[in-house]
Structure formats: C-alpha cells, structure tokens
Amino acid sequence: MLGTRTQLRRDVLGYMFIAPWLVGFIVFTAGPMVGLVYLAFTRYPVLSPPTFNGLDNLDRMLGDRFFTISLWNTAYFTFLGVPAQVVWALMLALLLNMRVYGVNIFRTLYYLPTIIPGVASVFLWMYIFNPDYGLANYILSFFGIPGQAWLWDPELSKPSLIIMELWRVGTMMVVFLAGLQGVPQSLYDAAAIDGAGRIAQFRHVTVPMITPLIFFNLVVGIISSFQIFTAAYIATQGGPVHTTLFYVLFVYRHAFENLRMGYASLLAWVLFFIILVFTLVQFRMARIWVFYEVD
Amino acid sequence: MGVLRGGLRPFSSALASNTVRYALLILGGVICFIPLGWMLSTSLKMPGTEFIFPPNLIPRPVVWSNYIDAVTRPGHPFFLYTRNSVVITLTATLGTVLTSSFVAFGFARIRFRGRDFWFIVLLSTLMLPDVVRLIPSFILFRILGWIDTLLPLIVPFWFGVNAFYVFLIRQYFRTIPLELDEAALMDGATYVRIYWQVVLPISGPVLGAVTIFSVLSHWNDFLGSLIYTNSVDLRTLALGLRFFMSRTGTDWNQLMAASILMLAPILALFFSMQRYFIRGIHMTGFGGR
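Protein chains in written order, with my numbering: chain A, 123 to 417; chain B, 181 to 469.
Chain A with its partners taken away, still in its complex shape:
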C-alpha cells in the first residue's frame, strides 16, 4: 500500500501534467458546449446580446425547407460517397500491397493528392470540371460522351464532389495498407492448402481480417463527410439550385452571414446528435460483422 502522502503527491503531479489540457478542455470545449445549449434557446444577432426565445428556433427549424434540403444533400453525399471511398481506398491498398520492386514509389505517388491543401484541390477540380475547357469533358470526348456541366449541373453537382473526394482517400488507403500487411502469411498458406483460390482467399481471409479497418474507415469517413464545407463554399456556393447546400454550409450561413447565432447553435446541436446516433448505430452493427481477433 502506498502512503497517503505519496498518493497525494502523485495526484498533485498528475494534475499538474494534465493541467494544460484540462484548462483547454474547460475553456475551449466544455464551457462553449454549455453556452451552445443556452444559445440554442435564444435569439442572438451577435451585435446585441442574446435574448431567450424558448422553442422558437426549434419551431423555425422544423418548418425550414432548407434544413431538410441540406440534410438530404449531406446524406446523399455521405452515404454514396463514403462507401465509394472505402472501396476505392481498399483497391488502391491492395495494389500497393503487391510485392514488386519499386512499390514504395507508387505508395508515395498514391498518397500525394491527400496532402494537397483542400482549397487548392477545390480550385483544381473546378478547373478540371469546367464545362467549356475542362479536362473532364476532354476525357469524356475520348469515349464519345458529350461534355457535361458537372458542378454546375443540378443532377451532377453532388456526384462531381464525390469524385473530387475520391481523389484524396490517402489516409484510408494507408490504414488499409497497414492492415493488409498485418494479415499473417500462414492464414493464406492454410487457405491455399484447403484449395482456396485467390478470390476465395480474398473473401475468406483478407476481408474478415481487415473488417476492423473497414469499420474504422467507415466511422471516421462518415463523421468527416457529414462536415463537408470548403468545396461547397468555394466551388458551388451551395448551388446550383441548392443541390450542394450541405449542412455545415447551411449552419455557417446562418451563423456568420445572417448573424442568427441562436438558430445556428440549435442547428449545430442537431448535427452533433445526428453524428452521435450514427456512430452509436455503427458500433452496434459492428458486433455483427466486425471480426476481432481474440488475444
């Protein structure tokens, strides 16, 4: 048993070490979060102090057409985009896991797009998707497909942004690659002895072994995809006809352009709960399909 005094000394030391984070947590996270709860029930035009208005914001939200539109856009972008990203990242990781000379060069090359600043990447893709002189239409012309308006076509605006995000799946890819390298060769050998071909090995060895990583990438991917902002803010400004009015852009406009901080606070809370629910549901579902090794 430790003496009380020794333990007390440790407590003091421990809290001294975590103090910077603890202060930051209270000032920059917990405090503001509590404030946000209060603001959600107020009218707060920034330039004058907040006044309590009860459930007015909630009422407004439920009747707000753009609330529904932005939710739908975000859901569309997330539930089509993230699975596509996971599949594409896994395909790239499988390529990079091949044992050939010089594969490291390709690993670097495949990762490069991911470190490009988001803003620069958005501009680049605006230029690529340009309806008049863009590269995308040039490539389509090889296949005899007529040029598209891409980001400026209400039907194609969200798919265009999904393509844009597919280009930057490097982080998911590296996570998968690390996982693939961790699959023991002995499992493949055992499967081969049992007569499993390459495709059977992939289905029955590789996929089950990397389900924790598929799960991780899905969870992280969905959380970040729900928060898409920069691309829509810069490239399409929510258009055409609100097809890229994503949720965070919607919140941003209310908070910082229309100066409706109270309403925006409620909207921010709603997003937080949506993300929380989706994450919890995924953890629930993970019990069914994610395979963890028993240590």
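A hint or two may mislead.
[Claimed, not checked] Partial list, computed: chain B residues near chain A (C-beta under 10 angstroms): (1) 201; (2) 279; (3) 290; (4) 294; (5) 299; (6) 307; (7) 315; (8) 319; (9) 371; (10) 442.
Read the hints as simulated data drawn from the structure, not as lab findings.
All C-beta atoms in this analysis are idealised placements derived from N, C-alpha and C, irrespective of residue type, glycine included.
With chain A held as given, fit chain B onto it using these hints.
Leaving out everything else, chain B in the frame of chain A:
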C-alpha cells in the same frame, strides 16, 4: 497483393503476372497523378492558352511568368499571406507538440486519482464535430477581443485542444519501460526532468508524426482563418488563394501557380519525413491488425 501471394508458380507465369501488377500500379498512378500534373501544366501555360479546347497537356510554350504574376498581384500581398501561414503553422505546431506530450506524460506515466475518468473524457472529445465548437468558440473569442487577430488560430493549440495527438503520444509513452522513470527518481530527478530529459529524447517517431499531422492541418486550414480573420493583412495562404477567383473571371494560370507554391513546402516536408508519417499512421493502433 495479399490475394496474389502464395504458391510457387512457373517462371513465365510469374513474369506475366508481374507485368499485370505493374500495369495495374501504373494505371492507378496515372489516375492519382493526372489532376496534379494538370495543375503543374496549367501553371506553366501562356496566359490565354488555358482556355483552348481540346486542352494541351504539355504547355507550349513553357512560361514562368504566372508565378511572378501570382506573387506580385496588386492588393494581394502573397508574401504576407505566406508569412501569416508560416507564423500560425510554426507556433501552433510547437504548442501542439509541447502541450500534447506534456499532458500525455501525465496520462501515461503518473498514477493519479481520476486519471482514467479524465482520459475517457479526453477520448470522448475526439468524436465532437468541429462545427459544434465553431459558434461558441467564435463568441468566446469575440468576448476576448481576439477576432481579427491570429490568436484564435494559435492559442487553443497550446492547450491540447486536439485530443487525438495527446492520445497518440500517450500510446507511445506507454511502450517505454517505467523502470526508466524509477531509476531517474532514485537519482533524484523530478518528473518534469524525466519528461524532458528521459522520455522526450527517445520519442522521436511519435513526435515526428504529430509534427507532420499538425503542420499539414494548420497549413491547409481554411475554415478557421475564414471565420476568425477579416483583414487582408491577416489572411493565410489558404484564404488568400480564394481571391484569385472573381466574378469577372478566374485567372487559372496564376491560381495554379499559387497553389503549386503553397504546396511546395509541404511536399518537401512530406518527402523528408515520410517514414515518420507512415509510422504515425501505424501508431494509431490499427497497424498490427
């Protein structure tokens, strides 16, 4: 590829499958590289030729003037933007590395009461979407009088707001034997000295990884500077880039040249610290699975 491993195959078939492997790798590489090559190519094209359709992939003639024009645009002080980005990135990263490692030391190596509780609190902040923090932080900084200064982009990072880094470093610190601390304590060292002189010097890999992640996120940050700064003098590169676009038209050559200039330092960093980077991702605990 995992599925391609296993079994001995005759030489000729091995050769054929290697050709297929390279073909696939190169195809993927082309897909990844084309947009980037397009950026570079556009930045070197003579102004006016970027509107030609079908486009020329190789600029003819190659001109460098877009780079000069991009950094000397009237009303858009490129070097000032660069300086702001450098100042923010360096000071915020320094804060992140020092604070996160200091806090992580407490969580990893001192057994104090309430430690597990606070660690769970820390982990739960990882799930908090940024947008939830955005509005109340803005109001807080407004009260503090920090709007239209660089402080909101720097100060919070001296208080460990990015819990992910604390978590990452703590995981690494836990792999260092505690006997080192005990021996140092015997010799009369304080915990602060153990942190600074024993643990930090052997934690290069994780500190390197955190440094890279942090530099990238601050250098590329757009939303933060969009919200907290208004003055032209305080714009970062990420924000300044936006002003190459205007209602009257976008100067794509200059925009791409400026993008390349913004990209160059992080590319250099990426290439020089690549091994930390990959190891950092392995360190998140998903490596060995």
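Verification of the hints:
Taken as an interface hint, residue 201 (chain B) checks out: its beta carbon lies about 5 angstroms from the nearest beta carbon of chain A, inside 10 angstroms. Below 10 angstroms, beta-carbon pairs count as interface contacts, and residue 279 (chain B) has one with chain A at about 5 angstroms; its hint therefore holds. With its C-beta approaching chain A no nearer than about 4 angstroms, residue 290 (chain B) sits inside the 10 angstroms limit, and its interface hint holds. At about 8 angstroms, the closest approach between the beta carbon of residue 294 (chain B) and any beta carbon in chain A falls short of 10 angstroms, and the interface hint on this residue holds.
Satisfaction of the interface hint for residue 299 (chain B) is found here, the shortest Cβ-Cβ separation to chain A being roughly 9 angstroms, below the 10 angstroms cut-off. Because the beta carbon of residue 307 (chain B) sits about 6 angstroms from the nearest beta carbon in chain A, less than 10 angstroms, this interface hint is met. The interface hint given for residue 315 (chain B) is met, as the beta carbon of that residue sits about 5 angstroms from the closest beta carbon of chain A, less than 10 angstroms. For residue 319 (chain B), the interface hint holds, the least distance from its beta-carbon to any beta-carbon of chain A being 7 angstroms, beneath 10 angstroms.
The interface hint given for residue 371 (chain B) holds, since its Cβ lies 5 angstroms from the closest Cβ of chain A, which is under the 10 angstroms cut-off. Annotation: residue 442 (chain B) was flagged as interfacial toward chain A, and the flag holds, the nearest CB pair being 6 angstroms apart, inside 10 angstroms.
Checked against the numbered hints above, the structure violates none of them.
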